[in-house]
Each structure stands twice: as C-alpha cells, then as structure tokens.
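K.L.:
Under the UniProt record's numbering, the first residue of the sequence shown carries the number 1, and numbering increases by one thereafter.
Worth flagging that the hints you see were computed from the coordinates, not collected in a lab.
Do not take every clue at face value.
Said to hold, decoys possible - When the alpha-carbon atoms are kept at most 27 angstroms apart in a straight line, the in silico BS3-like pairs for lysine-lysine are as follows: (1) K112 x K80; (2) K210 x K112; (3) K112 x K204; (4) K204 x K191; (5) K210 x K47; (6) K112 x K47; (7) K47 x K204; (8) K205 x K47; (9) K191 x K205; (10) K84 x K112; (11) K80 x K47; (12) K204 x K84.
Said to hold, decoys possible - Ranges between beta-carbon positions, derived for each pair: (13) R51 x T98: 28 to 38 angstroms; (14) S90 x E157: 32 to 42 angstroms; (15) S100 x E213: 19 to 29 angstroms; (16) L193 x Q62: 17 to 27 angstroms.
C-beta: ideal position from N, C-alpha, C; glycine also.
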Amino acid sequence: MKTFTTILLLSVISGFAAHGQQRPDLAPDQQKIIPQRSRVSVRVLDKYTLRPIEATIMVVGQRPEDLVVPLYEDGAYQFKMSAKDMGVISIHADGYETHSEVIAARTLRPTKIFYLTPIENSDSCKAEPVAVSELDLKEEIETVLLFTQSEPAMLPESNQELEILADYLVRNTAPRIELSGHTDDVGDPRKNLLLSYDRVDEVKKFLLSKRIELGRIRGRAFGSGLPAAPNDCEANRRLNRRVEIRIVP
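Generate coordinates for the entire structure from the input sequences, incorporating the hints supplied.
P.N.:
This is the structure in structure tokens:
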C-alpha cells in the first residue's frame, strides 16, 4: 500500500513539473500560472549592404523589471518570450541610427530581421555600394515576406522589407533572386497552389517595377506542401502564408 501511495504521489508531482504551470503545495487561489516561452531569433543587417552588424540589443517587457539582453548564438541574437508577451526592442550599433520598436510575440517570425541605417558621414560605417564579391551570400541575404490570408497582398511589414531588398538589388546588379511561394493548408490544395503562384508574381511585379531585370528573377510555387510551421493555429498558419526570398551570386 505504501508503495502504491508513493507511486501515485510521484505521478502527481511529475504531472505538475511536466506542465511547468502550477505548484501542488499551494492552495488553488495561490496558484501562479507560468506561461510557456518560445525562442525568438533576431538578426541585424546593414540596410544598404545587408551585411550582419555587431549590435547591442535590449528587450524590455510589459514590466520595467522584465529586461532581457539577447545572447548571440548561431549567427543570431536569441531570447525567449511567452506567446502573450509584448515589449520594446532597442538596437544599438556603432555608426548606425538606434532602432526601437514595439514587438508582440504572437506576430514575430521565428527569425526576425532588423535593418539599421548608417549614420551619414560616420567613420565606422559607410553606405556606398559594396562589390558582390565582398559579400557572403550563402546565408546573410535571405528573408521571408508574409501575406494576407487567401490573398496575394503582402502584409505592411513585408512591403517595407521588400523595399529595402529591392534598393539593394538596384545598387548591386550581379546577384540573382530566387522566390518560393507558399500558403497555409486551409482550403482546396489546387487553389492554394495557384495562390502561391500569385504571391510569387506579386513580388516579381514589384521587383520589375524597380527596374530589376526579369532574367535575374526565378520563381517557384509550392502551395501548402512545404509548411514552415504546423498548421495547427492561426499564429502558425500566418507564418506559412509567405514568399521566401533568397539572393544568390
């Protein structure tokens, strides 16, 4: 009997520990819910050269004491936020304008890119075009544009990002652009495939309007076949409504 009681008690405690949400030694009105936190990656690039920048980043949560300084790992600055968190991210780098904005965890991509503007006449950074041979294009110039549900229209944040990429491509004429269109899994698969083509075409039309040659642009569409996240909630489906851009030598 003692053995059975011990096993039962261990099972209850393990259940609480596994969920990481409540303490069994407290009364129900004293229980504190501990939200699950997910990892966020931030990359910081020069607005004109798209080169990575060494920066100091601070994230202040909804309470002043919730200050986070992301750690640099695997080519990105990493930190954690719970799904309902909001905060202000501030990015500082020598020779660049300081960038600050409000961020909400539910709208962040797994990797968020911030572009810093060089300070005019700064000795530490200059905005002149850089020869393509000087750039590492293997990973540094990749991004994702997000789209409205069931539409080929980009979200406002993606329009701004595409403007920056197009400006780079106008000033650096050698790189080629690869576009990959995707959708979430809601609706008919055949219509989703056509929608992913339309999203690629939307990006291609924008690039052509900036006088980027058609021969530099290659587009493919995959419908809902290659999700970036599980299609199990709206936040994840939002990440799957996308066009991936890769700039290659």
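K.L.:
Now, for every hint given, state plainly whether the structure supports it.
P.N.:
Hints, verified against the model:
no., hint, result
1, K112 x K80, "holds (13 angstroms)"
2, K210 x K112, "holds (25 angstroms)"
3, K112 x K204, "holds (22 angstroms)"
4, K204 x K191, "holds (20 angstroms)"
5, K210 x K47, "holds (17 angstroms)"
6, K112 x K47, "holds (14 angstroms)"
7, K47 x K204, "holds (21 angstroms)"
8, K205 x K47, "holds (22 angstroms)"
9, K191 x K205, "holds (21 angstroms)"
10, K84 x K112, "holds (17 angstroms)"
11, K80 x K47, "holds (25 angstroms)"
12, K204 x K84, "violated (35 angstroms)"
13, R51 x T98: 28 to 38 angstroms, "violated (18 angstroms)"
14, S90 x E157: 32 to 42 angstroms, "violated (18 angstroms)"
15, S100 x E213: 19 to 29 angstroms, "violated (37 angstroms)"
16, L193 x Q62: 17 to 27 angstroms, "violated (41 angstroms)"
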